[in-house]
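If you follow the hints, you should be able to join the two separate chains into one complex; please do so.
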Amino acid sequence: MVFVPLLLTWVAAAALALMDGRRRSVGWLAVGALAAGLAATAVLAGMVLDGGARETVAGDWPPGIGIVLRADALGVVFAVVSGVVLLAALAYEVAAGVSSRLFPAVVLFLATGLTGLFLTADVFSFYVFFELSMIAAYVLAYYGGEARQLGAGFIFAVVNLLGSFLFLLAVAGTYHVTGTLAMETVAQRIAGVEPNTVILIAVGFFVAFGVKLGLFPFHFWLPTVYVSASPSVAAMLSGAVANIGSYGLLRFGAGILPAELRLGAVALIILGTASIVYGAIQAVSRRTAAEVLAYSAVGQAGYVLIALGVGGPVGLAAAVVYSLANALNKALLFLSVELRGWLVGAAFVIGAFSVAGIPPTAGFFGKVELFRAGVAEDSVALVALIFLGGAVSFLYMFQIYQHDFWRGERRGAASPRALRGMAVGLAVVVVTLGLWPEPLLAAGRRAAEVLMGPT
Amino acid sequence: MTFLLALGVGVLFGAGAYLLLKPDLFRIVVGIVLIANAANLALLASGLRRGRSPIYPLEGGEPSDPLVQAMAITAIVIGFAVTALLLSLAYRVYASSRTVDLDELSQAEVSRERELEREEVSV
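Which chain is which? The protein sequence lines are A and B, in order.
Convert by adding 1078 to the 1-based position in the first sequence; the result is the number in my numbering.
Convert by adding 1 to the 1-based position in the second sequence; the result is the number in my numbering.
No wet-lab data here; the hints were simulated from the structure.
Please note that the accuracy of each hint is not assured.
What the hints assert, rightly or not - If you only want the chain B side, here are some residues facing chain A, beta carbon under 10 Å, derived:
{"id": "1", "residue": "2"}
{"id": "2", "residue": "5"}
{"id": "3", "residue": "8"}
{"id": "4", "residue": "41"}
{"id": "5", "residue": "44"}
{"id": "6", "residue": "47"}
{"id": "7", "residue": "69"}
{"id": "8", "residue": "93"}
{"id": "9", "residue": "109"}
{"id": "10", "residue": "112"}
Unchecked claim - Have a look at the derived ranges for each label pair, beta carbon to beta carbon:
{"id": "11", "chain 1": "A", "residue 1": "1133", "chain 2": "B", "residue 2": "71", "range": "16 to 24 Å"}
{"id": "12", "chain 1": "B", "residue 1": "66", "chain 2": "A", "residue 2": "1499", "range": "51 to 59 Å"}
{"id": "13", "chain 1": "B", "residue 1": "7", "chain 2": "A", "residue 2": "1341", "range": "34 to 42 Å"}
Keep in mind that this is a model prediction, so the values were computed, not measured.
All C-beta atoms in this analysis are idealised placements derived from N, C-alpha and C, irrespective of residue type, glycine included.
With the rest of the complex left out, here is chain B (with noise of 0.2 Å):
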């Protein structure tokens, strides 16, 4: 079990890795998302203790730690308000900019730049 949370892990924090590295501000959000997630799933396994049920043991006995669980709900409302605010900030690039793409913004960027500069040489 732990190796298979361990393999969760690496894999969403490997696709979230990758998708980061896209020049799509929407991709890099759903990235910033599975790496949130691949944090949270860490946080979870490491209260994990063998043979123990996680919260309710049916069969008696001692449940696993209950506090990663707190504390993993706490990162997963935090990752939640984080991925609104990123989104909306992405929402208004668009909408100042008309592009997603970050080749495209930052080209604009630099015309924009070169005219400023036009204009100070000319006046």
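If we strip away everything but chain A, and leave its shape as in the complex, we get (with noise of 0.2 Å):
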């Protein structure tokens, strides 16, 4: 069962990149097949929040020896959130009339790596995976092709890339100390190697996922892609492929090296404040919407970070929350950059209300996830962090409302109808979520309850 998402999209794609995704009846089959692959990620993802994680051992090997796939539940709502996405993206893009041959099955290998990434329980196919979407992620960064899309494109791939090694070489340690690959038993064994070498794997692997997530230090790559994409790409890139970031930071590090993570929690929750402040900073000093978007993404990763500074089930289950909220909001205000009309108004408006963190919205239980875990480490500074934070949000969010809707800069003939649909689908979705909260919320719990262990 945990295999059938990974080879619907992985067969679609393969055979898709033999065809013409130029034209229309390409591009909807491909959707179609992101639809079927979505639908069977959400049927496994319903039947592990019910039953419990599923296993499947590649090749029928006895456990460990074989290459083990394991669903468990961080993994599919991660999954199921970046499935949302990529469809509501690769839909867009496809009424708006894809220019380039390969685009369609691209954006079916991204989901085939991203599903096995979320998916896996093996330290070195996740590697695999990983590296399958970065590049499937390459390939979209200079969709387009003009020349400033080619130049951004090239300094994503080869930052990126750089994460990538440095994973690799985290990977090449961790086995070196633990002798295995399975994530499980990796975590059994490394909690009794010598501290000083776990440290130094731990920030190989903090490091790694620290640049896709585009987290302060290592942001200087982000802008520049988010706003030179286009607006179907920038959301995936944003709504999707970020998520590697956040997915990876929970599983690497609360999952497999706790005791590293309590560690490094003061320079967790301090570099989640400088992305905070920094992005917030940028923000409000920007005018084009891409751009004020672009700094917020480097800023709302700074939640993730704070939450799971503080740990513990509450703020892993906040950090969990506030990521799949954050990849929504960022996917439907992306996509809802370029268009016109009001009904694109009130998408964005819901988009922004989420990300200030205002109800009905999804974003709003992020961030009360995250008063809670402000409030479960008894700090008063966080409290207000995060609701300064929100508050400047709300102000950049709508000094580009003003701007762009109320001046405006974007009145006229409204956008083809397909386009509108995909960003009110995605609104619709925000505001479902914000007015019947309870499957985030038991999503996020049941995904801390897997990375605590069992208690």
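This is the structure in structure tokens:
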């Protein structure tokens, strides 16, 4: 069962790579395949959330020898949310008209890589799926093929490759000290290894995922890429690919190296604060919507880091809920960036409310969970920081709204209905999760339980 | 041997990092290739044990861990694909801008933006 969503998108991607993706029919075929993959992931998610984790060992090897695919609560919720984002963004681009032959196939490869890395229980196959999705992301980053997209794509590829190879070095270190690649066994054995070595490995993992997430000291590639990419690609990069960073920090930090995570908690909270402050200041001072959103992404990554630093069941649940809500917000906002019409304005307002944490949106519950984490930590400073961060994000989001929708920069004929439909569809998802947050919160709790281990 | 391998990884990584800082697209690609190989070498070294032959022991005895070699070859293949992608990307940058110098590229970018602003003002 764990194989199904992977195989569906992978086979479809390989077949579609041979066809001309610029044709409408091929594009919609890709949307259909992605939707089927997402449906399979959703069914798997339902089974996992109801009846506990599912495991498949590749090639019928005995467990401990074969490579294990394992779907647990943390993995499936990230897989489902990334799938929703990819589906909306791909449908948007197909409706707008794909300009490159390979675009639909590459998006499907990206979906395969992401699903794979969220569902694997093996450190090295994590790296393989990680590279699969990152290579697809490099190709997407220069989609459009203009000079500045090519330049931005090159920078994106080089910086993230450096991150990937640091990850590979950390994997080599992990294998050297534990002699195994299965995540569960690694977590057991690494607890008994000499701390200095493990800290070095933990730092390697942290830098690798920090680059993906665009945290403050590693963010320098992010604005250029998000600003120059086309709206659908920016939505995919910020709403799906960036999830690798937060998932990786949760899985490797809280799941495999909990002792080192506790040791580095203060550093994480400081870096998270720096991310929030830096992102907010930069975002307030920018004028174009894409730039504001790009710096806002740097700031939002900081909240995940703070929640991770607080740790414990409350902090980890907050990190999960916040990253999921944030992925949906970012996808919604980037998709609506170049559209016109009052419906788009409404969708944009919902996204803006969600980023600022105003009900009834998914972002509100992300913020509530963060406040709970701050209260659990007994820290007035953290609660104040989260509140101020929210207030500043309200400010910069409404600067865009005022500039684009009130002052008439985006008045004029409304965009095609199909394009507006995608933005509105994501907005409906965000509002639904705001009105009925139980699935989101339950997923966060279950994921935190997975990470904390059976208690 | 472990020391020599560690030295090799360090030198490869250092040389790669140095090349990454150069303002020339092709040097940057070579830098990434060197860093990829530093990671491959580290992967190979992580499974070696003192006194065991790495693959096919001639005088009996157990061979060293073969899993790291499987991992290294996977990593090599991925590194190869990534290098091809980067080179094609660098070539497309060259084909559209006629330069591989990062400073010149960013200067062209700045002047293009100024022109766009001037057009907006005149409109």
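Hint by hint, here is what the structure shows:
1. The interface hint given for residue 2/B is broken, as the beta carbon of that residue sits about 14 Å from the closest beta carbon of chain A, more than 10 Å.
2. Hint on residue 5/B is violated. Least Cβ distance to chain A is approximately 16 Å, over the 10 Å limit.
3. Nearest Cβ of chain A to the Cβ of residue 8/B: about 15 Å, over the 10 Å cut. The hint is violated.
4. The criterion of a C-beta within 10 Å of any C-beta in chain A is met by residue 41/B, whose closest approach is roughly 8 Å, and the hint holds.
5. This hint holds: residue 44/B has a C-beta 4 Å from the nearest C-beta of chain A, less than the 10 Å allowed.
6. The beta carbon of residue 47/B comes within 4 Å of a beta carbon in chain A, closer than 10 Å, and the hint placing it at the interface holds.
7. For residue 69/B, the shortest C-beta to C-beta distance to chain A is roughly 7 Å, which falls under 10 Å, so the interface hint holds.
8. Because the closest C-beta pair between residue 93/B and chain A is about 5 Å apart, less than 10 Å, the hint holds.
9. This hint holds: residue 109/B has a C-beta 8 Å from the nearest C-beta of chain A, less than the 10 Å allowed.
10. The closest approach between the C-beta of residue 112/B and any C-beta of chain A is roughly 12 Å, which is over the 10 Å cut-off, so the hint fails.
11. With their beta carbons about 22 Å apart, residue 1133/A and residue 71/B fall inside the hinted range of 16 to 24 Å.
12. As the Cβ distance of residue 66/B to residue 1499/A is approximately 54 Å, the hint placing it in 51 to 59 Å holds.
13. A hinted range of 34 to 42 Å is violated for the C-beta pair residue 7/B and residue 1341/A, which are about 25 Å apart.
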